[in-house]
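Spelled out, the chains give:
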Amino acid sequence: KAGVTQTPRYLIKTRGQQVTLSCSPISGHRSVSWYQQTPGQGLQFLFEYFSETQRNKGNFPGRFSGRQFSNSRSEMNVSTLELGDSALYLCASSFDNYGYTFGSGTRLTVV
Amino acid sequence: DQQVKQNSPSLSVQEGRISILNCDYTNSMFDYFLWYKKYPAEGPTFLISISSIKDKNEDGRFTVFLNKSAKHLSLHIVPSQPGDSAVYFCAATRRLNSGYALNFGKGTSLLVTP
Chain C
260 KAGVTQTPRY LIKTRGQQVT LSCSPISGHR SVSWYQQTPG QGLQFLFEYF SETQRNKGNF
320 PGRFSGRQFS NSRSEMNVST LELGDSALYL CASSFDNYGY TFGSGTRLTV V
Chain D
3 DQQVKQNSPS LSVQEGRISI LNCDYTNSMF DYFLWYKKYP AEGPTFLISI SSIKDKNEDG
63 RFTVFLNKSA KHLSLHIVPS QPGDSAVYFC AATRRLNSGY ALNFGKGTSL LVTP
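If you're matching them up, the sequences are chains C and D in order. Under this note's numbering, think of the first position of the first sequence as 260, with each following residue one higher. Under this note's numbering, think of the first position of the second sequence as 3, with each following residue one higher.
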């Protein structure tokens with residue numbers, strides 16, 4: 260079966276711009292989580308969506324937002340980009356909330 | 003506040019020997035623990051997990067041990083193979099508002115030499 264698909268794979272944006280990242284979960288998975296990976300902080304939880312509702316949110320500013328559609332696909336938006344937002348953004352989907360499958364990520368560079 | 007800690011940033015082991023990767027956590031509410039393996043430019047790949055009601059789980063060459071009193075878990079790889087060279091992340095979950103969030107350690111880079 261197809262894995263978790265994230266698009267785009269690479270992105271370069273200018274400080275102050277906004278960006279939208281997309282994640283298509285494994286078919287049948289209703290939970291989608293987003294994580295940010297940076298060299299200094301490691302992997303940090305952003306938020307989790309289940310059946311179009313945000314269930315959990317990590318400690319990130321309001322510039323980071325997301326949503327989930329009825330087909331479980333999810334998007335993540337970052338507004339007013341800062342240099343420190345440069346990171347690998349990972350999406351993970353789950354069926355039973357214990358087994359998480361990750362996508363390959365979107366590498367965002369803010370210049 | 004880092005609730006999951008992997009204090010060894012790197013580990014080098016000879017092929018055929020045992021690799022032991024360690025992880026400590028501080029939150030006693032964690033009820034499920036996972037190990038992920040990650041290659042550069044790829045997402046983490048699930049390896050093995052353990053529930054807080056168990057103290058050991060095996061899957062082929064991989065065994066995870068959980069010591070709840072010490073808030074410590076370890077991943078044993080026996081025998082180690084060059085293809086095991088990757089970054090290994092320890093993660094723990096706690097139930098939040100009917101959902102789960104994975105708390106990751108910062109990873110241990112394992113190098114298995116021939």
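No wet-lab data here; the hints were simulated from the structure. All figures in this text were calculated on a predicted structure; none of them were measured in a lab. For each residue, glycine too, the CB sits at the ideal point set by N, CA and C. Do not take every clue at face value.
With a straight-line cut-off of 25 Å between C-alpha atoms, the simulated PhoX-like cross-links for lysine-lysine are [what the hints assert, rightly or not]: (1) D/Lys70 - D/Lys7; (2) C/Lys316 - D/Lys40; (3) D/Lys58 - D/Lys7; (4) D/Lys7 - C/Lys316.
Chain C is nowhere near these chain D residues, computed Cβ spacing over 12 Å in every case [unchecked claim]: (5) Asp3; (6) Asn24; (7) Asp26; (8) Thr47; (9) Leu68; (10) Val80; (11) Ser87; (12) Asn105; (13) Lys108.
Hints and how they fare:
Between D/Lys70 and D/Lys7 the alpha-carbon distance is near 15 Å, which keeps this suggested pair within the 25 Å criterion. A C-alpha spacing of about 24 Å is found between C/Lys316 and D/Lys40, which places the hinted pair at or below 25 Å, so the restraint holds. At roughly 20 Å between alpha-carbon atoms, D/Lys58 and D/Lys7 fall within 25 Å of each other, so this suggested pair holds. Note on D/Lys7 and C/Lys316: the hinted pairing holds, with a Cα-Cα distance of about 21 Å set against a maximum of 25 Å.
Not every C-beta of chain C lies more than 12 Å from that of D/Asp3, the closest at about 9 Å, which undercuts listing it as non-interface. The Cβ of D/Asn24 sits about 16 Å from the closest Cβ of chain C, beyond the 12 Å cut-off, so the non-interface label holds. Under the 12 Å C-beta cut-off, the non-interface status given to D/Asp26 relative to chain C holds; the minimum distance is some 14 Å. The non-interface label for D/Thr47 is inconsistent with chain C: the shortest C-beta to C-beta separation is roughly 7 Å, within 12 Å.
No beta-carbon of chain C is positioned within 12 Å of the beta-carbon of D/Leu68; the least distance is around 15 Å. Every beta carbon of chain C lies more than 12 Å from that of D/Val80, the smallest distance being close to 24 Å; the non-interface claim holds. Residue-level check passed: D/Ser87 sits 19 Å from the nearest beta carbon of chain C, beyond 12 Å. Its beta-carbon lying about 7 Å from the closest one in chain C, D/Asn105 breaks the requirement of being farther than 12 Å from that chain.
Remark: the non-interface label on D/Lys108 conflicts with the geometry, its nearest Cβ contact in chain C lying 4 Å away (cut-off 12 Å).
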